[in-house]
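Visitor: Below, each chain spelled out in residue letters.
Number of protein chains: 2
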Amino acid sequence: MALDAAMASRLLRPELRIINVGLAMFVEAPEAHGARVAALDWRPPAEGDRATGLALARLEDDDRDPIGRTVAAANAIAVERLLAAQPLLTDVRPARDALGLGERQLLHAGPPIAWDRMCGPVRGAIVGAILFEGWAADPAAAETLAASGAIEFAPCHHRGAVGPMAGIVSPSMPVVVVDNAAGGTRAYATLNEGLGKVLRFGAYDASVLERLAWFRDVLGPSLSVALRTSGPIDLRTLTGQALQMGDEGHNRNMAATSLLVRALAPSIVRSVDSATAVAVLDFLRGNDHFFLNLSMAACKSALDAAHGIPGSSVVTAMSRNGVDFGIRISGTGDRWFTAPVGVPDGLFFPGYGPQDANPDLGDSAITETFGIGGFAMAAAPAIVRFVGGSASDALEFTRLMGRITLAKNPSYALPSLEFAGTPTGIDARRVVDSGIAPVINTGIAHRLAGVGQIGAGIARAPLSCFAEGIRELAATLGVPA
Amino acid sequence: MALDAAMASRLLRPELRIINVGLAMFVEAPEAHGARVAALDWRPPAEGDRATGLALARLEDDDRDPIGRTVAAANAIAVERLLAAQPLLTDVRPARDALGLGERQLLHAGPPIAWDRMCGPVRGAIVGAILFEGWAADPAAAETLAASGAIEFAPCHHRGAVGPMAGIVSPSMPVVVVDNAAGGTRAYATLNEGLGKVLRFGAYDASVLERLAWFRDVLGPSLSVALRTSGPIDLRTLTGQALQMGDEGHNRNMAATSLLVRALAPSIVRSVDSATAVAVLDFLRGNDHFFLNLSMAACKSALDAAHGIPGSSVVTAMSRNGVDFGIRISGTGDRWFTAPVGVPDGLFFPGYGPQDANPDLGDSAITETFGIGGFAMAAAPAIVRFVGGSASDALEFTRLMGRITLAKNPSYALPSLEFAGTPTGIDARRVVDSGIAPVINTGIAHRLAGVGQIGAGIARAPLSCFAEGIRELAATLGVPA
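Protein chains in written order, with our numbering: chain A, 28 to 508; chain B, 28 to 508.
Wrong hints could be hidden among the right ones.
One copy or any two copies: either way a pair holds, since identical chains are not told apart in the list.
[As the list claims (entries may be wrong)] Computed cross-link-like contacts, SDA-like style, restricted to lysine to any residue with a CA-CA straight-line distance of at most 25 Å: (1) 435 with 120; (2) 435 with 206; (3) 435 with 447; (4) 435 with 420; (5) 435 with 141; (6) 224 with 290.
None of these hints come from the bench; they were simulated from the model.
This is chain A alone, in the form it adopts within the complex (with noise of 0.2 Å):
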């Protein structure tokens, strides 16, 4: 049988197709010339670091190797408590009774950072809280009280608490009270403010500290009696609905606010006289982020049960001061992994602009921590509109987290992906190993104390607090650096 030339030079050529494993300009002049090419998105694990590339390789699953079988031990144990966790919002208490809080004790947001170091919304914030507390009379001074050295700050975290933004609370700030049942650990979160001028964002005139003080008296005590009345409130089941309603539980949280609302408003109606009951249901009708402090109290709650045991790579905080990323891992104890922070890549609002941005900020990263904001994207197209991408990235980069995690969370089922649980439990060796780097969505704040949000957006936690972390945990485990 005979073939003419140029037939069977175009039956025997099959189309160029290429794999491409790691940098995509490899391939960019033969898909230019029509090749099919499948990009593999693949880097040298640990970025090529030889030391944490050794450290990591002995910390891998491997149950030949006693180092191998502990920390895939440790890690079911730290996974199954986080899936364990039950959430419940138990009570509203000021930070001084619930934290043990004291005159001039204030918590911030992120890893330890001295005042001369902060940011400006934290700074403001500060600067709030002293007013607010009434440590001096006004800003100058309480900028200078700031300064001196007689106020003692140290991160929420360190007290079982996380803040959103700046993240400060002041012994008179109430504070929600989140118990998990399961792990017998407990969390705690201030009261959202809501959007415009607050003290999160460093803003701190009259309008705030009057807030605060309606907080302090009216919010916090009304929310209290109301759940002592209604009982508690279960945060994963509501959560767990939210996800179900176009929350992601960090940058959205209008479905958790409503059905919070409808389920304490009879509560509040019978414990509080009917005018403090309008004002509180006036207040949470317009504020759409209430549930978002909650929200993080729920997932602290869940991650401080993961936490502490020995040999786990569980990534059990990401959190944010404005200057310093920092990690914690379960193996690796009360330890702070820090690197510096960047700006979030997203969208601002009119009139804004990059160069107007703080570097990323606040504790809020314990969301995407637990598995849920930016993890659970899918849950949430609608907030690719706020950040900036399509309703197809939102699900992208929840399969991306995938990679990096240890669990999908059956109480936190994602329609849009045939109800795959959220990815959760971020295992650092995935990230060194992978190049993956934690995504988190996230607000932006104005640079300049008091001015608030100005867009929001995507940041992804810096990779090297991951290396750095594997190398400490490979440590504790005896493997020689």
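Given the coordinates of chain A, work out where chain B should sit on it, guided by the hints.
Guide: Chain B alone, transformed into the frame defined by chain A:
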């Protein structure tokens, strides 16, 4: 150049690829032998009926034909009115006042039907309404009265109202009042009773009648005064939000109900005494379906604005009375085109099956007529677990309904379809031409009065209603039969 025969044969025999138009059975055999088949879901227009096909051909958009121009212009007006609709919840009033409903007058769901043809749940609900109104002392007497001809029955639709399932409205029942500010139309619906033993499924025991009395004496008047305190609630905005929160506005209304409660709670507390407010908020807390009836009235108010446009082939009502399925078309006035109604295809609660099911029932298909409910399944992937199917099926239903509708509603953006609007404006021509029947999300009632809901599923509108409507529309435009 020479090739061995086997190689040449393999190279020269392209993989068998088939595009099949119409009946799937023609390609079952080649498909079984490995051929790749692209199925084009095509049926002959008008199911092959010659008279309908000829009428349809004359009604097609055609600039050169005065009839074609009339239909196109009429549909443009109808669609413009649908998209402009701005339904506002303004009040809750007794049906007696709002609808002018008098003694011995009852409204029911679906197209007109006489007592002797009514199904079990509708008869049960009528007995309940007669007892509730005090027109008879016991169920037997109520049934005798209903059968005697002394009760005047009419469709809800004939009074600008809509009712889910049996859809019975009696003079003392409170109805929501929804004003479509843009269209100058007003629509009504009863208050939703929740699940379990309820009148709309034909139950009429003491608990059902007590709840109706509480609606009449407490819930209705409380909501009325709260609405006058709060001002009208914009149902278009609220529904648009809910469609981004997992609701589709028919079988799932959890988000809209929660948003409504959050919006109204302060006004409720302001308007009534504390014990009443607690009772009202407690009822709303426990009823995830409360918004359904509001959703229905909102859709009715929009569709009525698009009704009665000479030449328009836009469907302005789809409804079922448990025996007949009926539709109305804008250009054919108040005439109903009916066909026997089938049993929905869906999932049954444990212990029940298709043999227990009543044929499809209720005015709630008004939601699909407006382009939400089954048409907005893409908004509510969580619902497919309830009615059967997968999350990708949900997207497919919405895409499919795009083929029989004239517009996308930009007020109702669907995140999972990259914020495309819901398909709205069912064109009876496209239904007849494509053979694609509108999908309806629906609850399944037991065929015996009072047993209640036994499942949920998907119903398809019977095609013959649309074919009859098209022939009648053609007749109104002078097309010879």
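Visitor: Using 25 Å as the alpha carbon limit, work out where residue 435 and residue 420 are close: within a copy, between copies, both or neither.
Guide: Close inside one copy (19 Å) and across copies (23 Å); limit 25 Å.
Visitor: Between copies, within a copy, both or neither: which fits residue 224 and residue 290 at Cα up to 25 Å?
Guide: between (28 Å within a copy, 23 Å between copies)
Visitor: Quick one: residue 435 to residue 206, C-alpha cut-off 25 Å, is that within a copy, between copies, both, or neither?
Guide: For residue 435 and residue 206, only the intra-copy Cα distance (22 Å) is at most 25 Å; the inter-copy one is 46 Å.
Visitor: When no copy is named, should residue 435 and residue 447 be tagged within, between, both, or neither for a Cα gap of at most 25 Å?
Guide: Cα proximity of residue 435 and residue 447: one copy only (7 Å, versus 30 Å across).
Visitor: When no copy is specified for residue 435 and residue 120, does a C-alpha distance of 25 Å or less occur within a copy, between copies, both, or neither?
Guide: neither (33 Å within a copy, 49 Å between copies)
Visitor: Pop the pair residue 435 and residue 141 into one bin, within, between, both or neither, using alpha-carbon distances up to 25 Å.
Guide: Cα proximity of residue 435 and residue 141: none, with 38 Å in one copy and 55 Å across.
When held up to the earlier numbered hints, the structure conflicts with 1, 5 and fits the remainder.
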